[in-house]
Every structure is written in structure tokens, then in C-alpha cells.
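Chemist: If you read the sequences in order, they're chains S and X.
The first sequence runs contiguously to residue 346 in this note's numbering.
The second sequence runs contiguously to residue 101 in this note's numbering.
Calculated from the structure, these hints are not laboratory results.
It is possible that some hints are incorrect.
As the list claims (entries may be wrong) - Below, a list of computed lysine-lysine pairs in the DSS-like style, where the Cα atoms sit at most 25 Å apart:
#1 LYS19(X) to LYS144(S)
#2 LYS32(X) to LYS74(X)
#3 LYS100(X) to LYS307(S)
#4 LYS159(S) to LYS188(S)
#5 LYS115(S) to LYS104(S)
#6 LYS159(S) to LYS115(S)
#7 LYS307(S) to LYS74(X)
#8 LYS104(S) to LYS20(X)
#9 LYS212(S) to LYS64(X)
#10 LYS222(S) to LYS267(S)
#11 LYS161(S) to LYS144(S)
#12 LYS20(X) to LYS307(S)
#13 LYS115(S) to LYS163(S)
#14 LYS332(S) to LYS283(S)
#15 LYS307(S) to LYS64(X)
#16 LYS161(S) to LYS196(S)
#17 LYS19(X) to LYS212(S)
#18 LYS283(S) to LYS267(S)
#19 LYS20(X) to LYS144(S)
#20 LYS20(X) to LYS212(S)
#21 LYS307(S) to LYS19(X)
#22 LYS32(X) to LYS307(S)
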Amino acid sequence: MDNKIDRRQFLKLTGLGGVVFASGLSGWANAAKKSGQDEFYFVQLSDTHWGFNGPKVNPDAANTLKKAVAAVNALEQAPDFVVFTGDLTHTTDDPKLRRARMAEFRDIVSKLKVKEVRFMPGEHDASLDRGAAYQEFFGKLHYTFDHKGVHFIVLDNVSDPGAKIGEAQLAWLKQDLKQMRRDAPIVVLTHRPLFDLYPQWDWATRDGAAAIELLMPYKNVTVFYGHIHQEHHHKTGHIEHHAAQSLIFPLPAPGSVPKRAPLPWDANQPYKGIGFRSVEADVKDAYYKTVELPVPKG
Amino acid sequence: MHHGIPRCSLNVVALAGFLAIGAAQSMAVDEPVIRITAKKFEYSLRTLTLKKGVPVVIELTALDRLHGFNLPDFGVRSDVVPGKATRIRFTPDKTGEFVFFCDVFCGDGHEEMSGVLTVKD
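With the hints as constraints, model all of the structure from the sequences given.
Modeler: Rendered as C-alpha cells:
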């Protein structure tokens, strides 16, 4: 069966429309040459902040995640898997409430038809207890998995409240990378930007440069992350970094305003700046096309 | 060494041209110390005004839990530990307004824990 999806077909299937960003080593036209086994797509959802209450920035917060789950379920062609890139829940000092939010979040996303769902923590989930509650509900803080020839590495840069990956995890990363061919397709999934996107707003990972240095010898590395609540694309050398929108509220562009405060809800354009993303992977060319998709307003 | 500078008179300091963190032992005797306390989710000073080229020592103490102090435009950061004074010595070498913030996640409100340093000629 040919699972190849072209952009127009995909947008038609979703019924949503979206903003397309193409990246990688070759043009999308090459995708036509590929077989279904060389291609797949997954969905990235990020920064859902379940438990957040702020009517001025999202008066529909209690329904946003549910709508996103419904939107993913409505995709005519199901993604191979879904990944949540952190800040699943909104933080709280109360360990019981933290666990209650995680349980509610888990219950809502259990409604996803796609059964392969990957998680990682954001600082709101894991920084106050170094990931203790998170691990009870979602498992390991960092891990790897392989899918159709792509090696996925989930990095935790949040369970240390100082936004560090830490020496132990960096050693683990180094060891994991040793087994990889230099041209192997590698995707890193993480919460915070690994590079200094805008340190004045704490949009960085304190030892992210060490991770990038370890990844740099590998030719085909792409990073997908969250944290900054907006679409953003950046390159460090040949490594591409793609930030996703949030599913709770958007934040301003880096450095565009004095304060990093959520953008207010626009009643004339509900859900503006809030959404999720599909990522179409062309494995042989280590080529990824992201499509930013909105949350349905209804 | 000066102690107990009133919060309302934190404008200015001395001279020098390098940056050092935790260099209390090598501090010049006439360098003033600006004391800032940190607690969820604020610093006791939200604005600071310093003079370009004049070294300063910022002494930070946390009142409740571990916090951070990060002033990225000057490459300055430190953990701020409860019950222990942490000293940061640096010399502002450019003018403008610069954000400092807590970079140790401390709860709901952490993102608001910041202030502005103004450096003047």
C-alpha cells in the first residue's frame, strides 16, 4: 500500500488547512520517487498545560486539548504516531493536584485513536519534583525509539530545574550515538530549545551546546521541540530545529516585546496562534515537511 | 567594603574592566554591595541602575527555596541558595536596559520572576 501523502492531499484530509514548512536535504518533488516504507508522518502536539486557568488568554482551556485530540482523530489517514513535546500539565506546588492533572491529561489523550503515543516532560511537569510524578504516569524522562529507519532520541532538559541535560544524560547520549552511522537519519525530540534562541527569556538549555556538539558529526539530525509556544525554525550548522505551537496560548516572537507574556485571546479570531503540527518524513533523504494545523473553533 | 546600601540609592558604583563571579575574596575595598533577596516569585529589587564601567557586587540570598539569577547580556548567572549569600561581581560594559530573571524553575509564577537592569554612561 502506498502511504505517500502529498501536501494538498494531506490538507484536504485534515479539512483544516495549514502552514507548510519544508526542510531537509532535498525538494519535496523527490518524495514522489519514494515507496511507502520510506515515508511516514507523525503528529506533534506541545505545551498543552492541562490545568491552566486564564480566561484572558484562553477562555476555552478546558476544551482545547479535547478538541486537539478530536482533530487528530479526524485525520482521514492516521499518523504513525503522536508525540507530546512537554508541558503536558500546568505546574502546581501541590503534588496531589499535579498527579490529578496528569491523570486527567492521560485520560483525555487515551481517546486518541492512534495507539502509539510518545511523551516527554516540560518544566511544568517535572521541574518541581525532578520528574517523580511524571515518571509515575508517563515513564522514562529520556529514551530512544526507532521508526521506519529513523532513530528518535528523546532528551530531557527540564527535570533539572536549572534547565540542564546533565552530565549523566549527555554521557548516555554519547553512548547511544556511537552505534549510529554518521549518515543515519536522527530526530531529537525535546522540550526546550537546545540552542540559545533567546536567553533573555530563558529560551535556551544551559548545557544544550554540549548536546549539539555530540550531534554535530551526524549528517542528518533534526530537532523538534516546544516550550516557546509558537512555530519557529532555526539551524545550528546543518542541524535544523523546529519549534511547535502550543495548545493553550501563544507567546510573542522572541524579543519582540519587553515581557514574555501570553498573547491575549482574540474573540474575533479564536484559537489564533494555537495549534499542532504534522511532520512528514522522507527517510531516505532525511527530509521533513511540517504542516502547522489549527485547532477547530467549534 | 560597604554594607547595607539602601535600596533607594542603588544608582552607580566604581570602575574596572573584567567580569568575575563569586570573587568576594578579591573584591576591592571600596566596591559597593547591592543586596537582593529572592522569593517566589520576585526579587526584592525589580529595577537596578548602574553606571557603565563601574564594577559592582550583587549579593543574593533566597528566602524560601532555590532560585537563580541570570543576566545573560553580561554572561552573569548564579544559583541563589536559601540561607547563604551568593556574591556576583561584574562590570557593566554597555549601556541600555537588560533583563535579569530566575532561571531555576520555582513554580507557577516563575516566568514572572524578573527585573530590569539599566546601565547608564
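Chemist: Output the numbers, in ascending order, of every earlier hint that fails for this structure.
Modeler: 11, 15
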